[in-house]
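> Spelled out, the chains give:
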Amino acid sequence: MDIGKIDQIIDKHDGEASSLIQILLDIQSENHWLPKEALTRVGEKLEVPMSRIQHITTFYKHFSLSPKGKHEVHVCVGTACHVRGAERILDTVQEVTGVGAGETDPDLNFSVETVSCLGCCALGPVIVVDGEIHGNVEQAETAAVLTELKQAETDEVMQQCACE
Amino acid sequence: MVNLTIDGKEVKVGKTATIYEAAKEAGVHIPVLCYAKKLLPYGACRICLVEVEQMKGRLIPSCTTPATEGMVVTTMSDEIRKVRKTVLEFLLVNHVIECPVCDKGGECDLQDLTYEYEVISNRFEGEKFDLPKDEINPLIERNMNRCVLCGKCARVCDEVVGYGSYSFINRGFETKIATAFDRGLNCEFCGQCVSMCPVGAILPRPFKFKARPWQLKEVNSVCGYCGNGCTVTLGTKDNEVQTIRFNDKTGVNDGNLCIRGRFGASYVNSDKRLTSPLIRKNGELVEASWEEALETVATGLRDAGSSTGILSGARLTNEELFLVKGLAKAVGTGNLDHSGGECYKGVTQGLQETLGLQASTATFPQVENAKAILAIRTDFYETHPVFGMVVNQAVKRNDAQLTVIGDKQGKLTRMPHARTLQHKPGLEVNILNAMCRFLLDEGLAKIDGLQGVEELKVALADYSVDAVAAAAGVDAAAIKQTARELATVENAAILLAYGLPYTANSRELGLAAANLSLLTGIAGRAGSGLYLCGEKSNSQGAIDLQILPAAGALGASGMLKAASEGKLKALYVAAEDMLVSYPDKSLVEKALEKTSFVVVQDIFLSETARKADVVLPAASFAEKSGTVTNAERRIQRLNPGIKSPGQAKSDFAIFQALLSALGATAPADEAAAFAELSAATSGYEMVSLDMVGDQGYVWGSDNLAPEMRNLVAVAGGKAIEAKYQLVVGSSLYHSGTTSLHAKGPMAVVAEPYIEFGREDAAELKVVDGDLVKIKAAGGVISAKAKVDRRLPKGVLFAPYHFGALDLNRIYHGQAAIAVEVSK
Numbered sequence: 001m002d003i004g005k006i007d008q009i010i011d012k013h014d015g016e017a018s019s020l021i022q023i024l025l026d027i028q029s030e031n032h033w034l035p036k037e038a039l040t041r042v043g044e045k046l047e048v049p050m051s052r053i054q055h056i057t058t059f060y061k062h063f064s065l066s067p068k069g070k071h072e073v074h075v076c077v078g079t080a081c082h083v084r085g086a087e088r089i090l091d092t093v094q095e096v097t098g099v100g101a102g103e104t105d106p107d108l109n110f111s112v113e114t115v116s117c118l119g120c121c122a123l124g125p126v127i128v129v130d131g132e133i134h135g136n137v138e139q140a141e142t143a144a145v146l147t148e149l150k151q152a153e154t155d156e157v158m159q160q161c162a163c164e
Numbered sequence: 165m166v167n168l169t170i171d172g173k174e175v176k177v178g179k180t181a182t183i184y185e186a187a188k189e190a191g192v193h194i195p196v197l198c199y200a201k202k203l204l205p206y207g208a209c210r211i212c213l214v215e216v217e218q219m220k221g222r223l224i225p226s227c228t229t230p231a232t233e234g235m236v237v238t239t240m241s242d243e244i245r246k247v248r249k250t251v252l253e254f255l256l257v258n259h260v261i262e263c264p265v266c267d268k269g270g271e272c273d274l275q276d277l278t279y280e281y282e283v284i285s286n287r288f289e290g291e292k293f294d295l296p297k298d299e300i301n302p303l304i305e306r307n308m309n310r311c312v313l314c315g316k317c318a319r320v321c322d323e324v325v326g327y328g329s330y331s332f333i334n335r336g337f338e339t340k341i342a343t344a345f346d347r348g349l350n351c352e353f354c355g356q357c358v359s360m361c362p363v364g365a366i367l368p369r370p371f372k373f374k375a376r377p378w379q380l381k382e383v384n385s386v387c388g389y390c391g392n393g394c395t396v397t398l399g400t401k402d403n404e405v406q407t408i409r410f411n412d413k414t415g416v417n418d419g420n421l422c423i424r425g426r427f428g429a430s431y432v433n434s435d436k437r438l439t440s441p442l443i444r445k446n447g448e449l450v451e452a453s454w455e456e457a458l459e460t461v462a463t464g465l466r467d468a469g470s471s472t473g474i475l476s477g478a479r480l481t482n483e484e485l486f487l488v489k490g491l492a493k494a495v496g497t498g499n500l501d502h503s504g505g506e507c508y509k510g511v512t513q514g515l516q517e518t519l520g521l522q523a524s525t526a527t528f529p530q531v532e533n534a535k536a537i538l539a540i541r542t543d544f545y546e547t548h549p550v551f552g553m554v555v556n557q558a559v560k561r562n563d564a565q566l567t568v569i570g571d572k573q574g575k576l577t578r579m580p581h582a583r584t585l586q587h588k589p590g591l592e593v594n595i596l597n598a599m600c601r602f603l604l605d606e607g608l609a610k611i612d613g614l615q616g617v618e619e620l621k622v623a624l625a626d627y628s629v630d631a632v633a634a635a636a637g638v639d640a641a642a643i644k645q646t647a648r649e650l651a652t653v654e655n656a657a658i659l660l661a662y663g664l665p666y667t668a669n670s671r672e673l674g675l676a677a678a679n680l681s682l683l684t685g686i687a688g689r690a691g692s693g694l695y696l697c698g699e700k701s702n703s704q705g706a707i708d709l710q711i712l713p714a715a716g717a718l719g720a721s722g723m724l725k726a727a728s729e730g731k732l733k734a735l736y737v738a739a740e741d742m743l744v745s746y747p748d749k750s751l752v753e754k755a756l757e758k759t760s761f762v763v764v765q766d767i768f769l770s771e772t773a774r775k776a777d778v779v780l781p782a783a784s785f786a787e788k789s790g791t792v793t794n795a796e797r798r799i800q801r802l803n804p805g806i807k808s809p810g811q812a813k814s815d816f817a818i819f820q821a822l823l824s825a826l827g828a829t830a831p832a833d834e835a836a837a838f839a840e841l842s843a844a845t846s847g848y849e850m851v852s853l854d855m856v857g858d859q860g861y862v863w864g865s866d867n868l869a870p871e872m873r874n875l876v877a878v879a880g881g882k883a884i885e886a887k888y889q890l891v892v893g894s895s896l897y898h899s900g901t902t903s904l905h906a907k908g909p910m911a912v913v914a915e916p917y918i919e920f921g922r923e924d925a926a927e928l929k930v931v932d933g934d935l936v937k938i939k940a941a942g943g944v945i946s947a948k949a950k951v952d953r954r955l956p957k958g959v960l961f962a963p964y965h966f967g968a969l970d971l972n973r974i975y976h977g978q979a980a981i982a983v984e985v986s987k
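Chains A and B supply the protein sequences, listed in that same order.
Just so you know, our numbering puts 154 at position 154 of the first sequence, and the rest follows in order with no gaps.
Count along the second sequence starting at 1, add 164, and that's the number in our numbering.
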């Protein structure tokens, strides 16, 4: 991630050590994960020990210290979704994206996570794709949503290759 | 006050006390793992659970619950015992049982509690931790498999030291204490975490497999390094100091120590110690008997008479310094001094001319309650680390506003909300002057009873805040804000450390700081203080005893100059390695060469000792009794823990023998010497040895009232014009030259280095470890480069401790040295 971008985020919060979590959240949402260089920069600018940053980033599940895909897919496997076939949905996700639960593909296109409950059991089974909730999904719908994203990524790559 | 009942005992405690503290006061024992007196309550371990009648239905953690009026507390019952035992069972699920080889065995809180609560079997089963050990550094070993997650190491490192090496990483069962990115420890190595760990998870490596705790004899003494005067409890066995034991009951430091105190005492066991007197015969130093050596010295000094120069180190005890004075008198010379470039002049002249004092006006603990703190030079943390920890606590716990006037960044400038007035080297006085001028202009100055106000106003005409700010490269608003705070808050402190690498503008800095302390009302006000802190363990004692040139006689630099011109017949150097630590090595060399009779009294064959005609082997701090006075005027006792090696004698015994060889009388022992010196020393008149107890005795009381309030105009410095300027100073890990013989400090900083800021390093294409050459008037020095983010563009830094660097070839006492850099 560009150091200039990180500095911008830090400046947005006036470089206040008390805004540490907010700054980390902003970097996470911008970059999908927290690279070491970014954390070092934050530590230096805020005069916060690296150990404290590590403490926060390992405590909250929201933060990721390893690279995440461009598209984040969360599949609810809570009790309600489970009995309504979450397992099958998860299989479909893996089939389409090629990424299993807790994994990210080498091209950094998709990251798949399971979650235990999203608090909308009536909509189960539920998946969240890039922050957008898809309720009462079936395998076909899941496949359609993800295939569209995947196609977009492939097109982009093809376009780039063509340009070069 | 709050009244409560604990186990049937009526207790009266302060409003802020917790149940645990109240119980402690009442003499009721409650077991704890995560509680420490100096840390904020945490409540992690749940061992200290008690019953409170008013809070029935659950057990209450006594270490975090405030004591309230009428509380009825029970600290032991069947229920409590059961619950505590369960807590221990939980802890023992993952904890590896390695007690037979664990160095903590015998003083491990977990071991003791397991025994006390008879946890014979465990109802729970689980995986034992199998985490890798951190054995990368030679000082602190971390074995997280033994950790009970009390968090004391992380808390002390953050709350007291202000470094923040550790944190809890991960969550749930996987929680562990780790460093950032789980790397090996790379910190100040003060070992505060070692002292706090209740189990064997963090241990001092140098002490591994040396002794069981119960085999050690514990002796309380005072650290021999800096002017902070921390209590060090020597753990001795087989006539060696095996380790430094944790002790938060004695002295000024609350159990806090820096790397030097905790890991730096090993030099006393060094096999390089001098064990026999040496006399130069046919150009070689050869072993000789004490009789011969003393006779030679006595004859030499007698012959030299008034052309003798005596230079003493500031690590000798008060009693020894008293005999040094006696020696000067017996020889008939007034040429007496205690430090190289007369760096202490800020105290002896600066404070004398303004306040009529020659000492700091307040005690260290008062700084914790200061609301505004001005540190002149960020190196204050490097010279007096444990006092620096008090500053950290003031900033972190009590929201003190810290301002640093410094030519570089450092530990202090990184403290929360610290304001840094980063100036061009050599302009500290200008900034202090600007603050004084601002206070006078704005009518904020407390000028009642001050003399010299009008003269100062006139003299400060050129020091308007804007002019100084522009010249020094500092923010004008920050200067104003700092001055305003110092003058308006209830308690404030001004800190300035002096020492051999800080000889430049010493008197001027003392004057300017004293002026500011007068105008702000800090000088003499209870709770506030002006701290001018000496570098060495007894710098203040040396000033109190007036180890200074007699009227019209020569001081250190005067003596060296005279000696270099062949005008001195004898030089007596006690506990100083002038060739390494004094400014201007060529002058010292010449002085030693041209003086026909040189005596060096030291514990090592130092560079200076190698040039001597007679070398007398002395004793280290761990081998002597006597008193030393720290930088806050606290007189404390040294107690011998071991015997001196070979024929080495304490400096006291050497001076005693020498005095009788010269036909003069000497006090029979240290106690007699103290009685004599206290009668003869201003401020010590009313002090007797009985008064010097566990906490020492602060002469002149906690707040020393100024004898006079006299403002003295002082001219500021001028920045030098050079692309690269080298500033000289102290490194955190070393103190003087003695620490170069100590394994701990040498394990971290073993070599001299030249420090570069990142910008300069990038421009010069210098990376860590590159060999660089520094050329300046006086010669060329070369050392490995260290790149850090402390230094602004154009400023380099070099520590002064290392003889190998030859830094004093180019350092002659300047505030900054114009240098050329090449690879």
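Keep in mind that a hint or two might mislead.
Unchecked claim - With a Cα cut of at most 30 Å, we get these calculated DSBU-like pairs of lysine-lysine:
#1 B:LYS754 - A:LYS5
#2 A:LYS36 - B:LYS560
#3 A:LYS12 - B:LYS939
#4 A:LYS45 - B:LYS560
#5 B:LYS401 - A:LYS61
#6 A:LYS36 - B:LYS340
#7 B:LYS907 - A:LYS45
#8 A:LYS45 - B:LYS929
#9 A:LYS36 - B:LYS401
#10 B:LYS179 - A:LYS12
#11 B:LYS381 - A:LYS61
#12 B:LYS560 - A:LYS12
#13 A:LYS61 - A:LYS45
#14 A:LYS5 - B:LYS957
#15 B:LYS436 - B:LYS401
#16 A:LYS45 - B:LYS436
#17 B:LYS807 - A:LYS36
#18 B:LYS807 - B:LYS381
#19 B:LYS340 - A:LYS61
#20 B:LYS754 - B:LYS493
Keep in mind the hints are simulated off the structure, nothing from the lab.
> All hints are to be evaluated individually against the structure, with a verdict given for each.
Hint by hint, here is what the structure shows:
{"no.": "1", "hint": "B:LYS754 - A:LYS5", "verdict": "59 Å, violated"}
{"no.": "2", "hint": "A:LYS36 - B:LYS560", "verdict": "27 Å, holds"}
{"no.": "3", "hint": "A:LYS12 - B:LYS939", "verdict": "44 Å, violated"}
{"no.": "4", "hint": "A:LYS45 - B:LYS560", "verdict": "18 Å, holds"}
{"no.": "5", "hint": "B:LYS401 - A:LYS61", "verdict": "51 Å, violated"}
{"no.": "6", "hint": "A:LYS36 - B:LYS340", "verdict": "20 Å, holds"}
{"no.": "7", "hint": "B:LYS907 - A:LYS45", "verdict": "35 Å, violated"}
{"no.": "8", "hint": "A:LYS45 - B:LYS929", "verdict": "24 Å, holds"}
{"no.": "9", "hint": "A:LYS36 - B:LYS401", "verdict": "47 Å, violated"}
{"no.": "10", "hint": "B:LYS179 - A:LYS12", "verdict": "42 Å, violated"}
{"no.": "11", "hint": "B:LYS381 - A:LYS61", "verdict": "50 Å, violated"}
{"no.": "12", "hint": "B:LYS560 - A:LYS12", "verdict": "25 Å, holds"}
{"no.": "13", "hint": "A:LYS61 - A:LYS45", "verdict": "24 Å, holds"}
{"no.": "14", "hint": "A:LYS5 - B:LYS957", "verdict": "25 Å, holds"}
{"no.": "15", "hint": "B:LYS436 - B:LYS401", "verdict": "20 Å, holds"}
{"no.": "16", "hint": "A:LYS45 - B:LYS436", "verdict": "46 Å, violated"}
{"no.": "17", "hint": "B:LYS807 - A:LYS36", "verdict": "52 Å, violated"}
{"no.": "18", "hint": "B:LYS807 - B:LYS381", "verdict": "13 Å, holds"}
{"no.": "19", "hint": "B:LYS340 - A:LYS61", "verdict": "16 Å, holds"}
{"no.": "20", "hint": "B:LYS754 - B:LYS493", "verdict": "26 Å, holds"}
The structure is inconsistent with the numbered hints 1, 3, 5, 7, 9, 10, 11, 16 and 17, although it conforms to all the rest.
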